[in-house]
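Novice: Following the hints, put chain B in place on chain A, whose structure we already have.
Protein chains: 2
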Amino acid sequence: MPRSTTSRAGARRASTKSPKRYVFAFSQGRAEGSKDDKNLLGGKGANLAEMCQLGLPVPPGFTLSTEVCAAYEAGGGSFPKELEAQVDAALAKLERQMGRRFGDADNPLLVSVRSGARVSMPGMMDTVLNLGLNDATVRGLAARSGQPRFAWDAYRRFVQMYGDVVLGIGPDPGEEFGPFALALDHAKRERGVSEDTGLTAEDLEALVRTYKAIVKRRTKRAFPEDPRDQLWGAIAAVFGSWNNERAIAYRRMNDIPGTWGTAVNIVAMVFGNLGETSGTGVAFTRDPATGEKRFYGEFLMNAQGEDVVAGIRTPLSIDRLARILPAAWKELNRIQKLLEQHYRDMQDLEFTIEDKKLYMLQCRVGKRTGFAAVRIAVEMVREKLITKEEAIRRVDPEALSQLLQPIFDPSDRLRAKKEGRILTKGLNAGPGAATGRIVFATDRAVARARAGEPVLLVRVETSPEDIRGMKASVGILTARGGMTSHAALVARQMGKVCVAGAGELAIDHKAKTMIVAGRKLKEGDWLSLDGTSGEVIEGQVSTRPSEVLARLFAKRKSKKPSPAHEAYKKLMRWSDEVRTMRIRTNADQPDQCATALVFGAEGVGLCRTEHMFFEGQKIDAVREMILADTVEERERALAKLLPLQRKDFEGIFRAMGSRPVTIRTLDPPLHEFLPHDKKDLATLAKQLGVSTKKITDKVHALAELNPMLGHRGCRLGITYPEITRMQARAIFEAACNVAKKTGKKPRPEIMIPLIGSARELELQEAEVRAVAEEVFRAKKLRLPYLVGTMIELPRAALLAADIARHAEFFSFGTNDLTQTTFGISRDDGGKFIPDYIEHEIYDGDPFARLDRAGVGRLMEIAGREGRDTRPDIKLGICGEHGGDPASIAFCQSLGLDYVSCSPFRVPIARLAAAQAALAAR
Amino acid sequence: MPRSTTSRAGARRASTKSPKRYVFAFSQGRAEGSKDDKNLLGGKGANLAEMCQLGLPVPPGFTLSTEVCAAYEAGGGSFPKELEAQVDAALAKLERQMGRRFGDADNPLLVSVRSGARVSMPGMMDTVLNLGLNDATVRGLAARSGQPRFAWDAYRRFVQMYGDVVLGIGPDPGEEFGPFALALDHAKRERGVSEDTGLTAEDLEALVRTYKAIVKRRTKRAFPEDPRDQLWGAIAAVFGSWNNERAIAYRRMNDIPGTWGTAVNIVAMVFGNLGETSGTGVAFTRDPATGEKRFYGEFLMNAQGEDVVAGIRTPLSIDRLARILPAAWKELNRIQKLLEQHYRDMQDLEFTIEDKKLYMLQCRVGKRTGFAAVRIAVEMVREKLITKEEAIRRVDPEALSQLLQPIFDPSDRLRAKKEGRILTKGLNAGPGAATGRIVFATDRAVARARAGEPVLLVRVETSPEDIRGMKASVGILTARGGMTSHAALVARQMGKVCVAGAGELAIDHKAKTMIVAGRKLKEGDWLSLDGTSGEVIEGQVSTRPSEVLARLFAKRKSKKPSPAHEAYKKLMRWSDEVRTMRIRTNADQPDQCATALVFGAEGVGLCRTEHMFFEGQKIDAVREMILADTVEERERALAKLLPLQRKDFEGIFRAMGSRPVTIRTLDPPLHEFLPHDKKDLATLAKQLGVSTKKITDKVHALAELNPMLGHRGCRLGITYPEITRMQARAIFEAACNVAKKTGKKPRPEIMIPLIGSARELELQEAEVRAVAEEVFRAKKLRLPYLVGTMIELPRAALLAADIARHAEFFSFGTNDLTQTTFGISRDDGGKFIPDYIEHEIYDGDPFARLDRAGVGRLMEIAGREGRDTRPDIKLGICGEHGGDPASIAFCQSLGLDYVSCSPFRVPIARLAAAQAALAAR
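So the protein lines, in turn, are chains A and B. Each residue of the first sequence is one higher than the one before, counting from 1 in our numbering. Each residue of the second sequence is one higher than the one before, counting from 1 in our numbering.
For reference, chain A alone in the conformation it holds in the complex (with noise of 0.2 Å):
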């Protein structure tokens, strides 16, 4: 188990050879582990440790290592045998600190009992107060406090914490409630009060052995009256609920491995709810929701543990503590700022006061929005508490995301929620908020857009015939389809909202209906889509932008600071000036550009020219060329072609400047283009003047069993040539006129898509190169140019020091070449990922993640012989990978020299980028 160097319990452990040592112990002052022991202390007690050898007051305890959760299991759920020893020695220690002894009638220690592991993970049993308790210990506690009905009142919590937590008492068949929250609703009934606290002492008593008798039903034995039955049944069920199903599946989710195993706290208890000069309560160090420094928090006086966060009363702002207890206020001030600058990080606090000491009894670093988490960092650097490279560090990248997205107004959306109106849920494909009219095809989506409406594309799946509807919508949602599938991947592209794969959606095309949650909804109906939880929402909800996205786009500067603005942008800076790799985008058309050189791509990493092709006359053309018979009829409908693709360049091209910009020639199989059903194939027939079964002919000749394995990619240039050279020649010509007119140099780079050998390449290659030279001659111009291919194909990678021969740059298309490796598509893989992911074959979807164990073992392979055959050789990667942070850390591990992804997800990647230059340092 790998601990820092400076760990004072590691260092004393290794001194100590033998017995082993499970249990670590610590009271103000003194601790036996610091901060840095959280592999072996869990993140509380190595906490709870630091804040001892701060000096802070913290109740005197000890914790049971994450050593003992791995013994424990190994063990088949019994416990080493040195720990009992341990364990009575530290008890007895605490007794002597406290001066009251474990299960004395008369003077009774009380203690708590937490999980925790290195990392905060819901699903475990986390806590059991005032164990210590029993029909004698509670007439001690009575009596010391002068307070029976506290004494009541804790043992009646105990007993139900208990029974809840360790014995596993959940509510009855038919029930909502467990027994013992309905047994002190009956009790209140019974009593005519409303609230616990007008119960007394007696009433409570009376409870206590109700919930015992409940105890005694349930499990079959009575509640346990020895303290340290008590304190071994609380141990065991803390490490026991390590490998429950919710803490496995939690786990699996956060990749936390299962061997590391979860620590147990035991403290002495202190009292929050001792009477009115008692309280307890949370605070952060920061505003958790804004960033904004200021002591934030909320507590409540007279109460213990989970009451502020039950909601049962409702607690008071933090700094009405100042007026209610002054002195104690200022020393949580004093304490709270301590741990910020010890940390160096936004702290999350718990406290209680006992008649009016202050004690912490946690602190961690605390949870933020992706707002907060930027502000914090960026100005921590200011404050000189951390440095700028730790700022880098310390945002997730996804984060940004939430920056740079509309956002739903959290009172309209609570509002819906209440309403019953989240009908379902999807995978959050395209994030951000939006509201329109639900619009079921294309061309009505167009026309409703067209008068002003905002619509929602429904569809079954989306395909390139959808781009203009999708470009048409606020936001696309679909009933199959995974993370990227053709409706997310083109939704994220363009930054719109997008909901996939929402499986319990029933389309009726033709009915312009669709059924979900019971409900009909039909063409022209409001719905709101949040694509960044991934749920559907019946009705309008209010959206407004994000103030970082406002601000970025703005015409002119706005007058009035922005502090989220400010930081997002110098976190941006700090990144570039850290990263070593580039960051282009995945753009097709000139207004993507544009955004993404707001969001700061430094090129275009892949241009699709075939979404270029759906548009307006070019359909035509493009279903002409199809069709065509011989190569001289494909050719004059190449030569329709011709400039409208240019100007598509054009205006990219000018878009762009003089930075780099891919573009991968004609991909998709031809028969993506040509309409399918009957009466689209009579108009085009009309169109075009052939008959209807020609074209029928031709559609069922271009069918395939299997598209993505078909005649597509290069396998068209190398066909039809003639593809190539008009794409050639479009791009040229269209860089030799902007350069005329704009004075910039435009560097295209023409790549070309699904090469298995360097011959295929070297054939396309002199295509391409013919008509450069020919263009050149003729515009009596020069520009610099690349030809490069992708490497999609297991093939391509496993022969890359041939193909690089003829390759000045490979990009890696990791989209294709996951399908290829794994042997799935992406377009039917939703059937069986789920599965896959639930039974743990897989981490994650493969198409999110990079499978650096398969994809990107063929990536080394091919990065590493590609540089052997040609050392200067550029490497980037445009599959949707490009914008995931980790696939983007193994790309920096490659050397890649650039990443490419959608517009949305430049900040992102360059960030990204930046903390994997610094790993890599």
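If you are wondering where the hints come from, they were derived from the structure by calculation, not from laboratory data. Hints may contain errors.
Chain copies aren't distinguished; within one or between two, either way the pair holds.
Simulated pairs of lysine to aspartate or glutamate, DMTMM-like, Cα-Cα distance not exceeding 20 Å [claimed, not checked]:
(1) K698 <-> E461
(2) K569 <-> E379
(3) K694 <-> E504
(4) K384 <-> D287
Specialist: Okay, now just chain B, sitting in the frame of chain A:
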């Protein structure tokens, strides 16, 4: 250029530092080279030199080496400067030897000029005879020979040949025959004679003038009169023809590097047409058709070179020579024996007798049929000419398929050809010959077959639903699909004749007709398929089983000895002694197993369970299982399937005895088992008692965009583990039942398909082992079994080290591995793979011959890393490549334990594996 170190020419060249030697002379008893100099002198030149060294009567001459060819090309069509002087010197020497001079009007030296590459190669310029004749020397030849007609005939032939092959004068536009042939015809008609021999010296003189006028008209230049111009023209034509289209195409098809080049042989003319004591012929030292040891050949008296093969006069059998020219016969017979002994292989000889004197013009290893190849190799071992190992090396494994397939009666096939009944040619996907009635649908094929008719199933392409129809048919013809299409795969496995991908077929399934070569054929018409050549023949052609096949399957031993059968058996026995890899078969049914055992299979390497699913009741239960909504429903359907599957496996285990049987769990996507047309859906609904809508919805829900990359293979077993459990139960129960009944020890090897990660296999292995334990306990019997996986995805190969933790064997599924590594669906690749071979992107179809660079590299990684994890892991191959000799050689180099192939390829694999083992020694 690597050459044998024993090369005399080589040794000499090395010693005479400069100038570089390009010309090598030979004459009876001495030569500047030998048979080991094929790389330098070409096959023809090397053998001429060898025969000279042996003291055989060879007309003197000299060879321009293959290095001239390379230099000629490198020089852009100009000769190395040293060449002319070397040719002059060789010519002068030849003149001295012959006592004649080149261009001497009184006593002219005439020569032949012939190309000669390392291996014989059609498509190149072949031969010019009588070179050196012109208007002056023809008269000298006439005077010296005393035969003016002979001289003018020689001149006429020379101008015609030279005009044709050197000057490239082909037919005029619109003409079928060339102008020389037409002029000759015209002359014969004018003189009223039917044969050339009817023309007089004067007629021939006139014809020469006509020929020269043709040359002038077509080339705009006079026919070269200067013999030296003639010579250099002919030499240039030979070297030029090395790179003509036909030669390049041939080289590409036969893997001959363009760098090899050709040599040119210039040999003094001897004349077989000098009267009735002269003649010319070709002969083989053994019968090239049957392999029988007898001197075999043909000759013509008073004839020159091409007359024997041209077929104008009917040649005589070689033994007739004994009576016509006994001395020459005796000499020839002595020489043929000597040459076969010397070369230790059957020789193909050319000879000329000039006025009773025998000259040897060529000798080379003779081409032979598969039958002859086997018999000659085996008999030469008996004769102690060669070793067993050499015999194994000498037979092309593919040649064995000739011995095992039914064949068309040769004369009947010739008649069909003459009658123009050969309609088209497809891929020779399943060798053999079949005649039957055309049927376009499986049901009708089954019905007609039951009625006792031989049927040919004709489909655009086949699918698993056609299995019954294929089984019922004697042959299969498809319009689409390649060498590894469904039709081809299944046909080869069944041993059925198959012509696949005959693209010219236009099939109208509704009308039950097909149109091909302008003819319309309807269901029930007779058709014949030559699966060995790919020809589709209208009407009936009679077939017969080969003798070897008939004997292998004969119920009782024939008393009449069959040399072919004896030779086959012996060669197989020797192969089995030598090879180190095991040979298994891909078989799904007991009869296939039985066939494979006759052919020598040692186990089953791939038993596809899904093929069984299409039979009788099984398909109903399968469909019920697919349509199940719950696990319980599915298990009910599976329970019905269990006894049926168990019976299938019992049949296979019974057939295979104690040999290993690898059974693959369910592989294809479930939608393959559902009907797709409306009527069938309605029928099924009725049968299962559910609504048609339910079934239609299920078909719709199961549809996949890329089924090859969809929910199939072990992914089904992960989603529906109950399917794997049912199959495992059927296998183990069947194995136990057979063990009890027969006393044999069935050895099931359960193979999980489409594994991409270790965890998949771990889960499926657990299911299989749990069932095995249950069955063994219940049956009170324990059998050895293995659990392993196919390696058929790139990721499986890349993660083999991991996967091997759970796999006791790997079987390379190179069909799918090729599909995913290349990103090519074998169902769709047919559209562009021909273009790819045309453009030399692929050497051949990667689905037929294993791609070593890509797929092979993955296999190498998987084999090596799999063995690192589990040193005793068993490695095999069960893709179609398992039956391809070149791929088998590669498997040997990887150290595989076995190869598995379709039953009819087992003998081929046995021989190929023996050759591979020898090569690896």
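Novice: Decide, hint by hint, whether the structure agrees.
Specialist: Hints, one by one, checked against the model:
1. For the identical chains of this complex, K698 and E461 are inter-copy neighbours only, at 17 Å across copies versus 25 Å inside a copy, given an alpha-carbon limit of 20 Å.
2. Only within a single protomer do K569 and E379 lie at most 20 Å apart by alpha-carbon distance; the minimum there is 12 Å, versus 88 Å between protomers.
3. Taking the shortest Cα distances, K694 and E504 sit within 20 Å of each other only across copies (17 Å), while inside one copy they are farther apart (40 Å).
4. Taking CA atoms no more than 20 Å apart as the test, K384 paired with D287 passes inside one copy only; the shortest distance there is 19 Å, against 98 Å between copies.
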